[in-house]
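Chemist: Residue strings, one per chain:
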Amino acid sequence: MHSYEEILLFLEETSNDYKRENQYFDILHDETSSLRIKKTRSDEIIINNNQSGFVGRTFIGKWKEIAFNDISDLELIKTKLPKSSEHDSIMKKNGGWKLNKEVIPQIDPQNINIEDKIEKVREIYQYLKNYDERIVNPIIVYTEDLSSRIFVNNEGCNLRQIIPRTRVFIQPIAKEGSIIDFDYYSAGGEIGFEIFDNIENKLEKIAQNSLDMLKAKHSLSGKFPIILDPDMTGLIAHESFGHGLEADQVLRDRSYLKNLINKKVASDLCNIYDAPNIENELGSYFFDDEGIKSGKNFLVKNGILQDFIHNRITASILGSEAKGNGRRESYAHSLNVRMSNTYFEPGDNTLEEMISEIKNGVLLCRGYFGMEDPLGGGLQVTSKKGYQIENGEKTKLLKSITLSGSVLELLKSINAISKDNLSLKPGMCGKGYEDFVPVTSGGSFIRVEKALISPG
Amino acid sequence: MSNDNLDLLEKKIISNKIEEYDIYYLESNIYETQFIQEKIESEREVNKINYFIRILEQKGNNTGIGLVKGDSLKDKQINRDIEKCKTLSKINNTTKYYFPGKNPYNQIILAEENILKNPLDIKNKYCDILLSSINNLEKTKPSFGKFRVHIQNKFLKNNNKLNLNSTKTYFFFEFALKAESNDKLAEYWDIEYVKNSKDLELEERMKKWANNAKDALEAKLPHPKKDATVIFSPNLLKDALNPVLSFHASGEAFYDKTSSFKLEEKIADENFTIIDDGLFEGGLNSNPWDGEGNPHQKTKLIEKGIFKNRIFDQKYSILENIISTGNGIRTSEGSITNTISNLIIPSGNISLEEIISTIKEGYFIEKCSWLNPDQFTGSFGTEIRNGYYIKNGNLENPIKGGNLSGNVLDMLKNCKYISKEREYSENSYFPYIAFSNLNISI
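Chains as they are written, first to last, in the numbering used here: chain A, 3 to 458; chain B, 998 to 1439.
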């Protein structure tokens, strides 16, 4: 085991071998320790996980990268990553900076006995199991990660951040006759064991929500006025819109938003951000995995597209500023342009007035999943449930609903945004089909004049 | 094949006087090239090891299982991991569990010698083929892509003298091919895991993907229909069937009372048969043994529409007092999940062309946005990305957009035609199948 100071010294020595005027070079040490507890009807799994590794890379017209576990393999870098004698004219210099910072949670999970953590999970399980015999399988998952990343490059970056991330997922599976369904609860952030504060007061609602789904009806199919809850609003901001703003897609000539900077992409009501520098959210950090300080991207202002989301190389080539969106799942995964906390700014309406103005429509709740279409600007997001809206009132509970169509059409037909507080939902985001990083997305309730929905 | 690191871990465990343990040790080497348009954007190499230690503490009718995942072979860290694992085994409380013993195993070839010898050369060779295939495509070009060669050495030892190892090689690639005409843009974007180099067929695949992209340029919205007949491509079929079947056929779902399948009940059309086969030549998850050391085998899940067998790992086979079917698959975190290995659907007796020709009005869908059915309920709703409208037995026009929705559990009963042609897709070898009673909305 090596101390932080020793690792830093090794990394600096390696980095100093590569002259910045000839090539950009960086190296990341990534260490994660985690605990995961999962309880179901038939199983209880407790996993302790300690992982660490290094990834070094250099840019010589293309990236060359090597990743490995053991510090004794640092020498591999010298043999695998070539030194250039040519002048680097592509990668913009960002300058070096120093940081050594840790997020301190209110209740540090490291100070809680493992027995107490398991007991908490078992208590939740037992409550849900006893609540109603139709809850046949309560699934509870608790995860805590402590991520430590040390970053050094040949521009003078010397950075370290330690970030705890905690998540809870509760999914009571309900069954009656041949019908099986569920609702779920999830919470997470750069927080500690306080994630369980007041959980006892939420369990009845969580259980009842699952039982209610047994009576839920199938959604309408076709184009209807819809309202999206903050989870679903976030899925639109992130999955449908945000992925098209990742500037690597622009360089690939694969973004439907490529030629729309300073143009109208959404209704005047829309302000959309990506901000890794918000405190204590699951998608937050002090610096990204290429040493860029976290900032705030104002992506859409009053419906006008302001900027793309960048990493070092896209910002260099497209002449923009990177604000901390170069991320890796781990040392063993690729670095890509990634979102962090992506959201719509709340508006001025109340949810009640938004519902009251719909004669026949649907409220989509509980964002479930979505898929990007960066080239085509298509949209697919699915909610776990919803409510029919009839004559200005929320009526029948509906099963899972899929929303699809064109992202830009949907954004331009937003006609109300609620003034509820910003709500960010934690999740894991893949780049296409792999490379998962923690993120949040959200907003408040938004209303769309008309959109295509079907049972999901 | 012996492994010094595995022996070191076992020595440490034994010196801690631990009686019941298993050690799963994994060495992974990845060689990757990423492309931006027709150029190489990055070259990446990853060399890593992981070990997973499980320690059991018997508690009468129950068992405590400790599980740690580590990657450090330093004495101090190994000792910490073992200590932590012991602690977890004392706290954990699950149903009765013990490790399997030695069994006879089928020997199958999982690795290609030339890849083991020269992985970088092999990767570069196929990247050259990819680039040349792409450069020869008409009216389409790539926006990005990836190609990877994977080498994986797996070792498993336990206190019952089980001592297993296997070496596997396989490929991954992802490409987005774009077609452009006047102001219109369309793409075909897909991934594939392929076990054997003979099944890579990069040139043919790129041609097919490019044709899908070009056809999408002319795509129209589908006609809405409430009782639509839809042909699923093997790839789309995998996305639909695998999550739902693997869940409902598992011993776990049966024990948890969440399975919709009852043995010997009719759950599918009488033409529908599906087999789980952990030894299947060319299957991504093929291996002589599963993640716990039980032999992989061939298990008929559905035969002529009747649900015949569940799949079991060690835990659920102990609960049901039967022999494991070798369906304990190791997750990346080291836990065991009771799920499928490879799924195989036998060929039908009609070609895809003949299927299309028999359909008066319907849809042939190659790819959706993300079908992702709910494993519990089987329901799904997804946007159509690449497909065709069928009219009077012909592909009338390409379609894109609109929603395809339905329920996988219902689809099994509404299977109309199964093609002669079959294709590999990750851990599946499936034909094209036409299903009735699906919903297309716009």
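Check each hint, because a few of them may be wrong.
As a list, the in silico DMTMM-like pairs of lysine to aspartate or glutamate whose alpha-carbon atoms are at most 20 Å apart [as the list claims (entries may be wrong)]: (1) Lys-1254/B - Asp-134/A; (2) Lys-66/A - Glu-1040/B; (3) Lys-119/A - Glu-1080/B; (4) Lys-82/A - Asp-1118/B; (5) Lys-40/A - Glu-1054/B; (6) Lys-40/A - Glu-1330/B; (7) Lys-1081/B - Asp-118/A; (8) Lys-1087/B - Glu-121/A; (9) Lys-80/A - Glu-23/A; (10) Lys-361/A - Glu-323/A; (11) Lys-80/A - Glu-1042/B; (12) Lys-64/A - Glu-1035/B; (13) Lys-217/A - Glu-392/A; (14) Lys-1301/B - Glu-1330/B; (15) Lys-219/A - Glu-1261/B; (16) Lys-1254/B - Glu-178/A; (17) Lys-1071/B - Glu-7/A; (18) Lys-1081/B - Glu-117/A; (19) Lys-265/A - Glu-1330/B; (20) Lys-64/A - Glu-1080/B; (21) Lys-1071/B - Glu-33/A; (22) Lys-66/A - Glu-1038/B.
If you're looking for bench data, these hints aren't it; they were derived computationally from the structure. As the structure is a computational prediction, the values presented were derived from the model and not from experiment.
Chemist: Against each hint, give a clear statement of whether it holds in the structure.
Modeler: Right, here's what the structure says about each hint:
Our distance criterion of 20 Å between C-alpha atoms is met by Lys-1254/B and Asp-134/A, whose separation comes to about 15 Å. For the hint linking Lys-66/A to Glu-1040/B, the alpha-carbon distance of about 5 Å falls within 20 Å, and the restraint holds. Taken as a hint, the Lys-119/A and Glu-1080/B pair is honoured in the structure, with Cα atoms around 18 Å apart against an allowance of 20 Å. Between Lys-82/A and Asp-1118/B the CA atoms are separated by roughly 15 Å; this keeps the pair inside 20 Å, and the hint holds.
A threshold of 20 Å between alpha carbons decides the hint, and for Lys-40/A with Glu-1054/B the separation of about 18 Å falls inside it, so the pair holds. Straight-line distance between C-alpha atoms of Lys-40/A and Glu-1330/B comes to about 12 Å, which keeps the hinted pair within the 20 Å bound. This hinted pair checks out: Lys-1081/B and Asp-118/A have alpha carbons roughly 16 Å apart, not beyond 20 Å. Restraint check for Lys-1087/B and Glu-121/A: satisfied, since their Cα atoms lie roughly 14 Å apart, inside the 20 Å limit.
A C-alpha spacing of about 18 Å is found between Lys-80/A and Glu-23/A, which places the hinted pair at or below 20 Å, so the restraint holds. The suggested pairing of Lys-361/A with Glu-323/A is violated, with an alpha-carbon distance near 46 Å, which exceeds 20 Å. This hinted pair checks out: Lys-80/A and Glu-1042/B have alpha carbons roughly 14 Å apart, not beyond 20 Å. The hinted pair formed by Lys-64/A and Glu-1035/B meets the criterion: a straight-line CA distance of about 13 Å does not exceed 20 Å.
In summary, the hint linking Lys-217/A to Glu-392/A is supported, as the alpha carbons are separated by about 18 Å, within the 20 Å threshold. For the suggested pair Lys-1301/B and Glu-1330/B, the alpha carbons sit about 37 Å apart, so the restraint of at most 20 Å is broken. Simply put, Lys-219/A and Glu-1261/B have alpha-carbon atoms about 30 Å apart, too far for the 20 Å limit, and the pair is violated. Restraint check: the Cα-Cα separation between Lys-1254/B and Glu-178/A comes to about 11 Å, which is no more than 20 Å; the hinted pair holds.
At roughly 19 Å between alpha-carbon atoms, Lys-1071/B and Glu-7/A fall within 20 Å of each other, so this suggested pair holds. A C-alpha spacing of about 13 Å is found between Lys-1081/B and Glu-117/A, which places the hinted pair at or below 20 Å, so the restraint holds. Pair hint Lys-265/A plus Glu-1330/B does not hold up; C-alpha atoms about 46 Å apart against a cutoff of 20 Å. A C-alpha spacing of about 45 Å is found between Lys-64/A and Glu-1080/B, which places the hinted pair above 20 Å, so the restraint is violated.
At most 20 Å may separate the alpha-carbon atoms for a hinted pair to count; Lys-1071/B and Glu-33/A meet this at roughly 15 Å. Taking the CA atoms of Lys-66/A and Glu-1038/B, the gap is about 9 Å. The hint holds against a cut of 20 Å.
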